[in-house]
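Protein chains: 2
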Amino acid sequence: MHIGFLVFDGLTNLDLAGPYEVLARIPGARPFLVGKTATPVRSNLGFILTPDKTFENAPPLDILVVPGGSGVNDLLDDQETLSYIEKSSHEAKYVTSVCTGSLILGAAGLLKGRRATTHWMARDLLISFGAEVLPDRVVVDGRIITGGGVTSGIDFAFELARRIAGREIAEQIQLTLEYNPKPPLDAGSPERAGEGIVMDVRACSRQMLHERRLAVIKAANRLYANES
Amino acid sequence: MHIGFLVFDGLTNLDLAGPYEVLARIPGARPFLVGKTATPVRSNLGFILTPDKTFENAPPLDILVVPGGSGVNDLLDDQETLSYIEKSSHEAKYVTSVCTGSLILGAAGLLKGRRATTHWMARDLLISFGAEVLPDRVVVDGRIITGGGVTSGIDFAFELARRIAGREIAEQIQLTLEYNPKPPLDAGSPERAGEGIVMDVRACSRQMLHERRLAVIKAANRLYANES
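Those protein sequence lines, which keep their order, are chains Z and A. So in the working numbering the end of the first sequence lands on 228, straight run, no missing numbers. So in the working numbering the end of the second sequence lands on 228, straight run, no missing numbers.
Honestly, the hints are just simulated from the structure, not real lab data. Among these hints, one or two may not hold up.
Over 12 Å on every C-beta distance to chain Z, these chain A residues come out as not near it, computed from the model [stated by the list, open to error]:
1) D74
2) K93
3) D124
4) Q172
Cross-link-like lysine to aspartate or glutamate pairs, in silico, DMTMM-like; alpha carbons within 25 Å at most [said to hold, decoys possible]:
5) Z/K182 to A/D186
6) Z/K53 to A/D124
7) A/K182 to Z/E80
8) A/K182 to Z/D136
9) Z/K182 to A/D124
10) Z/K182 to A/D136
11) Z/K182 to A/E191
12) Z/K182 to A/D52
13) A/K182 to Z/E191
14) A/K182 to Z/E168
15) Z/K36 to A/D124
16) A/K182 to Z/E132
17) A/K182 to A/E195
18) A/K182 to Z/D186
19) A/K182 to Z/D124
No residue lacks a Cβ here, since even glycine has one placed at the ideal position from N, Cα and C.
Model the full assembly from the supplied sequences, consistent with the hints where possible.
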C-alpha cells in the first residue's frame with residue numbers, strides 16, 4: 001500500500017507529520033514523501049523535509065495525502081504539481097488532503113461537486129473550485145477525504161485508518177500514540193475562540209490571505225476555461 | 001528564545017513535530033533541531049530529519065525538548081548525548097520531554113525527586129530514575145515539564161506556550177492550528193482502549209520493551225554509582 005505525502009516549500013509540517021505517524025503504522029503501509037524533485041524543501045516554519053521519491057520515480061499511489069501551508073499559494077499555479085496530482089488520482093483508492101491542501105485538490109479539478117472541508121480561514125476560497133464546503137473536521141465523500149486545519153489531520157488519519165485496516169488496528173494505533181487529547185485551552189475553533197482571537201489571527205494572515213485569494217481566482221478561472 | 005529539539009535515529013517524529021508546530025509560532029521563538037552531528041537521522045518510521053545545529057555549534061538553549069521513540073534505548077547508554085542534555089539543563093528556562101524522552105532526562109539525572117510523566121508503557125521504567133511518575137498527560141514540576149505518549153506533545157506544547165507567552169498568544173496559536181480534536185475512536189488510553197487492545201499493543205512491543213528494560217537498569221545503575 002503506497003502512501004504518498006506531497007512535500008513542497010512552505011507546507012505546514014504538522015499537516016503531514018500527524019497523518020504520517022498514524023498511516024505509516026497500518027500493516028503493509030509503505031509511506032513516502034514525494035516532491036517535484038529530490039531537493040529537500042522547507043516548511044513554513046523552517047523545518048527541512050527530504051523527499052523519498054519524486055514525481056518521476058514514485059510508484060503509483062494507493063493513497064495520496066496533500067498537506068497545506070502558505071506554500072499552497074505557489075502550488076495553485078504549478079501545472080507540473082497539479083498534473084501529477086490529477087494523474088495520481090486516477091488509480092488511487094483514496095485522494096486526501098489536510099488543511100489548505102484541499103485547495104490544491106480543488107485546483108487539480110478533483111473537488112467539483114464534492115463535499116469537502118479545509119482550514120476555517122479557507123472555507124470561502126474552496127467554494128471557488130466547485131466544492132460543497134462543510135465546516136466539519138473531517139469530510140468523507142467517496143474516495144475523497146479532506147481534513148480541516150492542521151491538527152485535524154490526526155482525526156482524519158484515524159478515520160482513514162479505520163476504513164483501510166478496520167477498527168481494531170486503528171484502535172491499536174490510537175493507543176500506541178496515546179491519542180487521548182486534552183487541550184489545556186479552549187480556542188480550537190472560531191466559535192470557541194471568540195471574536196477577539198479570531199480577528200487577531202486573521203490580521204496576522206491578512207497579506208497571505210490576500211495573495212491566496214488572487215491565486216485561487218486565477219486557478220479557478222483556468223480550471224473552468226479548460227473545461228469549456 | 002532558542003528552542004532546541006533533540007533529534008536522533010529512531011525518534012518518533014510526531015513527538016517532535018507536534019510541539020515544534022506550536023512552540024515555533026511563539027513570537028521571538030528560534031526553533032532548531034539539534035543532533036550529535038549534522039548527519040540526517042531517520043525516525044522509527046523512516047522519516048528523514050535534518051539537524052539544523054549540532055551539540056558543538058548550537059547556541060545555549062532557553063528550552064530543551066527531548067522526544068521519545070524506539071531510539072531512546074540506544075541513547076540511554078550514549079554519554080555524549082546525556083552530557084549535552086545535562087549541560088544544557090543548567091541555563092535552560094525549561095527542560096522538557098515528550099513520550100519516552102523522559103527516560104533520557106531521567107538517565108541524565110534530571111528527574112530525581114521530580115514529578116514526571118511518560119508514555120503509558122514506560123511508566124514503571126521511569127521510576128528507576130528516581131522520578132515520581134504520574135499518569136497525567138502533562139506534568140509540570142518547576143522548570144521540568146514532561147508529556148505522555150506521542151500526541152500528548154501537542155497538549156504539552158500549549159501548556160508551555162501559555163506559560164511563556166500568555167494565554168492570548170497561546171489561544172491564537174490554538175485557533176491557527178484548529179486544535180479542536182475530535183478522535184473518531186475512543187482508545188487513546190489503556191483505560192479507554194480495554195484489555196484486548198492493550199494486550200495487542202504490548203505484544204507488538206515486547207522485544208523493544210525487553211531491551212528497554214535492560215537499558216534502563218544499566219543507565220540507572222550508572223547514575224546512582226556516579227552519585228555515591
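Here's how the hints hold up against the structure:
At roughly 20 Å from the closest C-beta of chain Z, the C-beta of A/D74 stays outside 12 Å, upholding its exclusion from the interface. A cut-off of 12 Å between C-beta atoms confirms that A/K93 is not in contact with chain Z; the least separation is 19 Å. Every Cβ of chain Z is farther than 12 Å from the Cβ of A/D124; the closest lies at roughly 16 Å, confirming the non-interface assignment. Its beta-carbon lying about 5 Å from the closest one in chain Z, A/Q172 breaks the requirement of being farther than 12 Å from that chain.
Between the alpha carbons of Z/K182 and A/D186 the distance comes to roughly 13 Å, so the proposed pair stays at or under 25 Å and holds. Between Z/K53 and A/D124, the direct Cα distance comes to roughly 41 Å. Violation of the 25 Å bound is thereby established for this hinted pair. Proposed proximity of A/K182 and Z/E80 is contradicted: the alpha carbons are some 35 Å apart, above 25 Å. Of the pairs offered as hints, the one joining A/K182 and Z/D136 holds, with about 10 Å between alpha carbons and a cut-off of 25 Å not exceeded.
Restraint check: the Cα-Cα separation between Z/K182 and A/D124 comes to about 23 Å, which is no more than 25 Å; the hinted pair holds. Of the supplied pair hints, the one linking Z/K182 and A/D136 holds, its CA atoms being roughly 10 Å apart against a limit of 25 Å. Restraint check for Z/K182 and A/E191: satisfied, since their Cα atoms lie roughly 15 Å apart, inside the 25 Å limit. For a cut-off of 25 Å, the pair hint linking Z/K182 to A/D52 is broken: about 31 Å separates their Cα positions.
Simply put, A/K182 and Z/E191 have alpha-carbon atoms about 15 Å apart, close enough for the 25 Å limit, and the pair holds. For the proposed pair A/K182 and Z/E168, the alpha carbon gap of about 18 Å is at most 25 Å, so the pair holds. This hinted pair does not check out: Z/K36 and A/D124 have alpha carbons roughly 46 Å apart, beyond 25 Å. With a C-alpha separation of about 22 Å, the suggested pairing of A/K182 with Z/E132 holds against the 25 Å cut-off.
At most 25 Å may separate the alpha-carbon atoms for a hinted pair to count; A/K182 and A/E195 meet this at roughly 23 Å. Taking the CA atoms of A/K182 and Z/D186, the gap is near 13 Å; set against the 25 Å cutoff, the hint holds. Of the supplied pair hints, the one linking A/K182 and Z/D124 holds, its CA atoms being roughly 23 Å apart against a limit of 25 Å.
Hints 4, 6, 7, 12, 15 from the earlier list are contradicted by this structure; the remaining hints agree with it.
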